Amino acid sequence: MSAEAPRSPAGLPPRDGPPYLEMRGITKAFGSLLANDHVELSVRRQEIHAVVGENGAGKTTLMNILYGLVHPDAGEILFEGKPVRIRGPRDAIAAGVGMVHQHFQLVPVMTVAENVVLGQEPGGIVLDRAGSVAQVRELSERFGLIVDPTARVDTLPVGVQQRVELLKILYRGSRLLVFDEPTAVLTPQETDELFEIFRGLVAGGKTVILITHKLGEVMAISERVTVLRQGRNAAVLETARTSPAEIARAMVGREVLLRVERDEAHIGAERLRLDGVKADSDRGLPALAGVDLTVRSGEIVGIAGVSGNGQLELAEVVAGLRPVTAGHVYLEGRDVRDQSAAERRANGLAYIPEDRHTRGLILPFEVKENLILGSQSKPPFAVHGQLRWPAIDERATSLIRQFDIRPPNPDAPASSLSGGNQQKVVVARELAEGPKVLVAAEPTRGLDVGATEFIHRELVEKRDEGLAILLISSELDEIFSLSDTIAVIYQGRIVEVMPSAAASRERVGLLMAGGSVEEVTPSAAQIAQAAALQAAAAASSAQDYASREGSS
Amino acid sequence: MSVATVPLEAPRGRLLRFVAAVVTPILAIVLAILVGGLVVLASGSNPIAAYQQMLVGAVGSPFDISETLISSIPLILAAYAVSFAFRCGLFNIGAEGQLYMGAIASTWVATTLPNWPGLPLILLCIVAAMLAGGAWAGIAGWLKAKTGAHEVITTMMLSYVAIDISHWLLEAGPMTPANAFGTPESGPIPPQAAFPVILPSWILPNARLNASLFLTILAGLVFAWILWRTPLGYEIRAVGFNAKAAAYGGINVARRLVIAMVIAGAFAGLAGMVPVWVQHRLYDSFSPGYGYEAIAVALVGKNSAIGIFLAGLLYGAMIHGAVAMQANANISGFLVQILQALVLFFVGAEMLIRWILRRGGLRALMEAAA
Amino acid sequence: MDIVGLFVTVFARPDLWAGTLRFAAPLTLAALGGVISERSGVVNIAMEGMMLVGAFFAVLVAAATHDIVLATLASVACGGLIATVHGIASIHLRANQIVSGMAINLLALGLTSFLMFRFYATSGTPSDIPALPDLKLPVIYGIPFVGAVIGDQNIVVWLSILAVPITWWFLFRTRLGLRIRAVGEHPRAADTLGVSVFEIRYLCVILSGLLSGLGGAYLSLSVAHSFSDNMTSGAGFIALAAMIFGKWHPVGAFLACLLFGFGQSLGINLQGTGFPDQLVAATPYVLTIVALAGFVGRAVAPAADGIPYEVGE
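Protein chains in written order, with our numbering: chain D, 9 to 560; chain V, 48 to 417; chain Y, 43 to 355.
If you're looking for bench data, these hints aren't it; they were derived computationally from the structure.
Given the structure is predicted, the values throughout are model-derived calculations rather than measurements.
Careful: at least some of the hints might be erroneous.
As the list claims (entries may be wrong) - Only pairs whose alpha carbons sit at most 30 Å apart, straight line, appear in this in silico DSSO-like list of lysine-lysine:
(1) D:444 to D:386
(2) D:286 to V:291
(3) V:193 to D:286
(4) D:386 to V:291
(5) V:193 to Y:289
(6) V:291 to D:444
(7) D:386 to V:193
(8) V:291 to Y:289
Said to hold, decoys possible - Some, not all, of what chain D presents toward chain V, calculated at C-beta under 7 Å:
(9) 366
(10) 370
(11) 384
(12) 385
(13) 393
Glycine included, C-beta positions come from ideal geometry on N, C-alpha and C.
Turn these sequences into a full structure, and let the hints steer you where they fit.
Shown next as structure tokens:
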């Protein structure tokens, strides 16, 4: 692992001269929203360049424009000083751009090989299936990205799916690799591994753009960072000469409170207890393998874990939306195993679901209709089998005021609200009936700093009033800043429960990856893989350039 | 097969939503009339004359208005059946079969109890029609809830089965009258069970328009009342838009699917009874496809009670007007089917309408509505 | 009435089995078209309309030219043309594909009946139109029973059977087939790899129109030797059911079509035996429901089926 600046291998043009990629004056409006407003981006050859900004700052739009998925209203794109027209992904691929999207673009029911070769398949009219498998296998071995080319993608864990995405780009010989929030699904250790891969690729002649909102990653890996705020350039900084605080200020436009203020917890009686709970995933595979957990009044228990380790199933089992196959769930000491979701709600359970679009809200419903979801057949909203709209209006008006939901229009469809305000609707509704237990799954996912702060304050306030909160989050920062107790989940099991005061990030990170405390240093295998990767990338880039020179 | 893009949109303000809901169908109708005119022109006839004859034929006289209404009523009722299921996210394309079951059940009650007094018999027939239609649709709802069997296929298959059952009953089965010959048909509906004719004969002799018109208006009110004024309606709409979120809100999705289909089928059952009561007996193949045209009526009416009522009147007028047009202008009455298809097409292809409106300088309005 | 004896007699008739193949052929062609279209992500319930248009224009051109090749080509082309309309609505205009399909069906019914009145109002379609030929197989024709079942079948019957493996090969073994399935499952993934979602979908919708059009031509030219209003009478919808019953797979769809063909043939062979043939006619539909609820189970449709693709959402 070398920390020094990467050198150009033989056969590559020198690094100085015009920037490798330049995007100039990029402007794009979606309706009345200006997603990109004269955005500039300049990336050097063999650089790891971070693009950061809050949700909605325009990072993804900018990258989609680079990849031809979105057409800009104005602006131009230059490669090595020469303007290039990118009308679609086909042009982007031809220009050497490869992109790993935040939501993987993989066809779940097809094999790894089919996914990799799609669009540039070997063969004539007939697909050369053996050839695809062989080529993908060769590629995966060359870059040390181990994956079975004949496996169906939907059987692979997310970390491996990411490798498939990487293979897709490498198969096309891309030289500029764009990664959109690649670490969201990874443990801290897997993130480190991915960054090793980045370094190897760059040393081999590739250029990397990393889109992220995590400042730690920016500091750890990037050479320079472009900060976007509300669709505009906020800063371009040399990573070595900046600080997380400076980047954060540029992102938000003001000083940011990086920690949530909260007093000592006043922990009371047990409110929620899980006892040996087992449950299956949607695909019928065991997802919870015997969970024991207790949440008490006035306590926030944070579940730390890489997403996909049973968090969703855990939340749904408590909410009554997923049957348990073994074990018991107790709400205030009462076994609610056989109670429906509606009955548990009536007994004081509230649930902020992980995905507000598919679970938490009915988007075409008006805000006021969404604000009574779950209470629609109870007084005062329903009396004698009829809805009472005045009571519904009244509830809406008061919650909209209390939670500062904008626009303050109870008749607006929920779909017309911003993400932050949509989430406020969910939180307002869930807290409105005075619950005893709250399950909050990813309560601030995709929200900007302002909305995140608001929701964090609200949760802490309710905890101080005695609410028992089970917080599920894949953001370690959120877990650490809110939890009184941290429980780590791995492969459907709570592997350790500790007071947050006694928890360190390293330890939690390791537990999340299923490791024990002994393995702290990278394994020899990891180091070997990084070396192999570097060599392979160098060879392929040299080949690409040679063939490009030859053909032009 | 997905109906994820069920055209139930919800633009911002209430007023704009209303405008958008009204403007699109009206423009779709205008476009359809224009394109239909081109078809007539291309086939060598005069489109103006065709439309004139159709209009006069539909509403040119009190008698024609009465007949137009008679054509509209089963369409409106069946469209409520399509639309109610639609509101629960179910595509009920089998209203035709539900309507057959309603017709069979009500006819069977009426012909087996010929000595009952009028009012109880009528009410019993209405209940029988609604129950039969509801049960038939309920099968599809139940299968959907239990096994996930797609309702587009099950309702369609159930339609074919219902129609085959009616063929059997009328051609070779227990409902065939003893002295039957010629066209298969049931025995007559007892006169005391008939719907009273609304217009007295001294105003309009031979008018056939009967009290089923009031029943249709009542059905529309019930349709809207359930959907917008009851928790059940709230829950049905919630399931229709987002079943996962509805389950999260404590709603029993499977049960709502079944209930929605049963209620939908009840509307269709009623739609099947009405034509029988106009013709005073159940004829083999009595429906000219009410259940299928109802899909178009429901879509053009934007799934609202009042919209469906108006769209049903329009379609009824076209159907009745076509008779006069074919007779007087010598143009095939099937022009109506072309018009209906075009209306449906343009309503479906809303983007086209938006584009036209933008060209017409109504850009601001439509963008706000979109 | 001895029901067992009756069925033994009927089942021993070669007519029953020959009829099964005959009735299944147009269904198979349409259902295969449906498979191709829906595998690319475009819901197609408009096979009925496409068949009807094919049936009418086959007769119109056959009557005008007395050329069977031209007539068949015309029917195929018209099927493709009306499929293009469905394509424009559902691909470019992002209309609800079920609504568009219903509109196409109604339009086809209206248009063909309208033109029927315009051209043949008084007399009906002419009787001297050429038919698609039957293929008399030299040796097989002589074999008892087998000869009567397959020895003298129409060329379209053979074409439809041949189309099954070809469709399978096309979808699952060719490069284009891989792209089609990718577009139907995850159009965005395909798009990000430079595969044009729109091109693929248009191609598939139009292919389904061509196949349905041929099925229609067979119905009018070879089965009925004429055209009459709404003569497909639901065949396109049965093909749709067969496609779903067959789990969007060419072979499955074909088997389902054989089942429906058998049901129709059985109904006809039972006519005049005193057995309620109206109820026998309903058996395939009941079977479909039972199968759908029991075996086929929850949706196995291509993941993006029916969802219009929007570039750069």
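Legend entry - Proposed interface contact between residue 393 of chain D and chain V, which counts if any beta carbon pair is under 7 Å: Check passed: Cβ of residue 393 of chain D comes within 6 Å of chain V, closer than 7 Å.
Inset, instruction - Mind checking the alpha carbons of residue 386 of chain D and residue 193 of chain V for me, to see if they're no more than 30 Å apart? - result: holds (28 Å)
Legend entry - Restraint outcome when residue 370 of chain D is required to lie within 7 Å of chain V by C-beta distance: holds (5 Å)
Inset, instruction - Assess, step by step, whether the Cα of residue 286 of chain D is no farther than 30 Å from the Cα of residue 291 of chain V, and give holds or violated. - result: Holds - the C-alpha atoms of residue 291 of chain V and residue 286 of chain D are around 22 Å apart, at most 30 Å.
Legend entry - Hint consistency between residue 193 of chain V and residue 286 of chain D [alpha-carbon to alpha-carbon, up to 30 Å]: holds (24 Å)
Legend entry - Hinted pair residue 291 of chain V and residue 289 of chain Y, Cα distance within 30 Å: Satisfied, since the Cα-Cα distance of roughly 25 Å is no more than 30 Å.
Inset, instruction - Sort out whether residue 444 of chain D lies within 30 Å of residue 291 of chain V, counting only the CA atoms. - result: holds (24 Å)
Inset, instruction - Below or equal to 30 Å on CA atoms is what counts here, so check residue 386 of chain D against residue 291 of chain V. - result: At roughly 20 Å apart (the allowed maximum being 30 Å), residue 291 of chain V and residue 386 of chain D satisfy the hint.
Inset, instruction - Would you settle whether the hint for residue 385 of chain D is holds or violated, based on the nearest Cβ-Cβ distance to chain V being less than 7 Å? - result: Interface hint status for residue 385 of chain D: holds (4 Å vs cutoff 7 Å).
Legend entry - residue 366 of chain D as chain V interface residue, shortest Cβ-Cβ below 7 Å: holds (5 Å)
Inset, instruction - So, residue 384 of chain D near chain V? Judge it on the closest CB pair being under 7 Å. - result: Holds. Min distance 5 Å.
Legend entry - 30 Å Cα cutoff - pair residue 444 of chain D, residue 386 of chain D: At roughly 18 Å apart (the allowed maximum being 30 Å), residue 386 of chain D and residue 444 of chain D satisfy the hint.
Violated hints: none; the structure is consistent with every hint.
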